[in-house]
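Required output: the full structure, derived from the provided sequences and hints.
Numbering (the working numbering), first residue to last: 1 to 108.
For the record, the hints were derived by calculation from the structure and aren't laboratory data.
Treat the hints with care, since some could be wrong.
Below, a list of computed lysine-lysine pairs in the DSS-like style, where the Cα atoms sit at most 30 Å apart [stated by the list, open to error]:
id : residue 1 : residue 2
1  : K14       : K97
2  : K74       : K49
3  : K49       : K24
4  : K24       : K35
5  : K97       : K77
6  : K35       : K77
7  : K24       : K14
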Amino acid sequence: ATELGLETCAVYSKEDRHSLHRYKVDQAFLIGKDKSPVGAYLDYEDIVKVAVANNVDAIHPGYGLLSENAAFAKACKDAGVEFIGPTHEVLGLFGDKTSARELAIKCG
Numbered sequence: 001a002t003e004l005g006l007e008t009c010a011v012y013s014k015e016d017r018h019s020l021h022r023y024k025v026d027q028a029f030l031i032g033k034d035k036s037p038v039g040a041y042l043d044y045e046d047i048v049k050v051a052v053a054n055n056v057d058a059i060h061p062g063y064g065l066l067s068e069n070a071a072f073a074k075a076c077k078d079a080g081v082e083f084i085g086p087t088h089e090v091l092g093l094f095g096d097k098t099s100a101r102e103l104a105i106k107c108g
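The following block contains the structure:
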């Protein structure tokens with residue numbers, strides 16, 4: 001992003017306040033102040049709220065935690081924030097093993 005001249009931001013839990021990712025971005029926002037570290041990062045509604053309040057264009061969910069969360073992808077879309085990853089429809093389909101298997105069989 002830096003090489004492309006894009007501004008970057010990150011979220012962090014209170015326990016991660018000294019983490020390197022917080023200092024490698026243009027802006028960093030505390031989330032889940034009264035929650036556990038995992039709870040803070042799983043609170044996608046708060047993350048979307050922070051994104052909207054700070055005019056964030058897009059969210060890259062990282063790996064794990066929220067990257068496969070269809071509800072988070074949909075919340076981003078509904079708020080006008082681009083979710084960098086599969087659509088919420090695709091995440092929902094592949095999050096359901098029965099539907100994913102049926103689609104795989106249908107596709108051959």
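>> Check the structure against each numbered hint from earlier and tell me which ones fail, lowest number first.
In response: Number 1 only.
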